[in-house]
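Could you build all of it, start to finish, from the sequences and the hints given here?
Residue numbers (the working numbering), protein chains in the order written: chain A, 1132 to 1260; chain B, 1132 to 1260; chain C, 1132 to 1260.
Note that these hints are calculated values from the structure, not bench results.
A portion of the hints provided could be inaccurate.
[Stated by the list, open to error] Simulated crosslink set (DMTMM-like; lysine to aspartate or glutamate; CA at most 25 Å straight-line): (1) A:Lys1221 x B:Asp1153; (2) A:Lys1221 x B:Glu1242; (3) C:Lys1221 x A:Glu1259; (4) B:Lys1221 x C:Glu1259; (5) B:Lys1221 x C:Asp1169; (6) C:Lys1221 x A:Glu1242; (7) A:Lys1221 x B:Glu1259; (8) C:Lys1221 x A:Glu1244; (9) A:Lys1221 x B:Asp1169; (10) B:Lys1221 x C:Glu1242.
[Said to hold, decoys possible] Computed spacing ranges between beta-carbons, pair by pair: (11) C:Glu1146 x A:Ala1164: 18 to 24 Å; (12) A:Glu1210 x B:Gly1208: 24 to 30 Å; (13) B:Glu1185 x C:Thr1257: 16 to 22 Å.
Think of the CB as a built atom: it goes at the ideal place given N, C-alpha and C, for glycine as much as any other residue.
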Amino acid sequence: MPLVRIDLVRGRAPEEVRRLADTVQEVMLDVFAAPPGDRYQVIHQHDAGEIIAEDTGLGIERTDGVTIIQVTQQGRGREQKEALYAALAKRLDEEGLVRPTDLIVSVVRNEPEDWSFGHGRAQFLTGEL
Amino acid sequence: MPLVRIDLVRGRAPEEVRRLADTVQEVMLDVFAAPPGDRYQVIHQHDAGEIIAEDTGLGIERTDGVTIIQVTQQGRGREQKEALYAALAKRLDEEGLVRPTDLIVSVVRNEPEDWSFGHGRAQFLTGEL
Amino acid sequence: MPLVRIDLVRGRAPEEVRRLADTVQEVMLDVFAAPPGDRYQVIHQHDAGEIIAEDTGLGIERTDGVTIIQVTQQGRGREQKEALYAALAKRLDEEGLVRPTDLIVSVVRNEPEDWSFGHGRAQFLTGEL
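Okay, structure coming up:
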């Protein structure tokens, strides 16, 4: 937790995809209160045309580098989410991976009872986490 | 927002997939209170066998045209959701894209603070949206 | 309902993927209060490297067999979720499909109004379900 789905357009080298995922994870650790090793990422690579993103009239221009990050998590508040968005945009831009205009983030909340990280146990309930 | 995942079985021409996505978006604009440009769609095309849909005993027969639409959104109520389901079924059927018996829709709710549409900002909180 | 996304690494024979999905469904019927025919599964097969799972410091070692199951559902409580995790781990292990150390489960909740299983109707609201 968080569980992070990253949807992007096919065409990046595997090393670049990994660097993108690594950068997302660094942000999780730095500003989203993820403890060490708390990394659960699923990358969906799509053909051009399988991600369609406009801009809700915000005046944002998208390219084929458009990247949608959907985060399922529990426990974070509004300020942490705002810090997440800002840090993802800044770091992915600094690394030359995703333009701030190509980054869309959506968060979904669940509860501690909604997670099992292995062994069929709900580690937030057992006290293991 | 909404963020719409469309899962379907591979085999349609790219133009047909696009038309399907366009039709879903028209419904979002017409009955689901999406403003112009509010389009965020991810299409997952699957091999046959990767989408398994039965019918919960409803007497609905599925084909390889089965399509699952998962909508993450905030703010809509029950009547808007009912209108969404009805309009999706009607329009996708009229266009010859998805049979009403092959259409499954699931909605997930989040909050205004759970969205960033670009620039690392939470546009529902900043007043931009 | 539930809508179950199963993310796994490519490389299993189609029959094995089917058996994995079947086993997940058996657990839904047995311990998660799914009625007969209540099966809505989407399988996402990924290249190695597209699923990155660590262990939040729990001392769990992952392999290429790592499998993430995301369940969108309404109505189940904590005990049913704990039974789900335990039964998924046990049954998928017994069948030689997923090691208990490779199984990650995340649940998301929605409401009865959030489902349409066909014909554009919200069957939990119409009384059909």
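We went through each hint and held it up to the structure:
Using a Cα cut-off of 25 Å, the hinted pair Lys1221 (chain A) and Asp1153 (chain B) is violated, with the two alpha carbons roughly 32 Å apart. The hinted pair formed by Lys1221 (chain A) and Glu1242 (chain B) meets the criterion: a straight-line CA distance of about 23 Å does not exceed 25 Å. Restraint check for Lys1221 (chain C) and Glu1259 (chain A): the C-alpha separation of about 19 Å stays at or below 25 Å, so the hint holds. A threshold of 25 Å between alpha carbons decides the hint, and for Lys1221 (chain B) with Glu1259 (chain C) the separation of about 19 Å falls inside it, so the pair holds.
Using a Cα cut-off of 25 Å, the hinted pair Lys1221 (chain B) and Asp1169 (chain C) holds, with the two alpha carbons roughly 24 Å apart. Restraint check for Lys1221 (chain C) and Glu1242 (chain A): the C-alpha separation of about 23 Å stays at or below 25 Å, so the hint holds. For the proposed pair Lys1221 (chain A) and Glu1259 (chain B), the alpha carbon gap of about 19 Å is at most 25 Å, so the pair holds. Under the criterion of a C-alpha separation no larger than 25 Å, the hint pairing Lys1221 (chain C) with Glu1244 (chain A) is consistent with the structure, at around 19 Å.
For the given pair, Lys1221 (chain A) sits about 24 Å from Asp1169 (chain B) by alpha-carbon distance, which is consistent with the 25 Å threshold. Our distance criterion of 25 Å between C-alpha atoms is met by Lys1221 (chain B) and Glu1242 (chain C), whose separation comes to about 23 Å. Range check, Glu1146 (chain C) to Ala1164 (chain A): about 42 Å between beta-carbon atoms, so the 18 to 24 Å window is missed. Our hint of 24 to 30 Å for Glu1210 (chain A) and Gly1208 (chain B) holds, since their Cβ atoms are close to 28 Å apart.
For Glu1185 (chain B) paired with Thr1257 (chain C), a C-beta distance near 19 Å keeps the hint of 16 to 22 Å intact.
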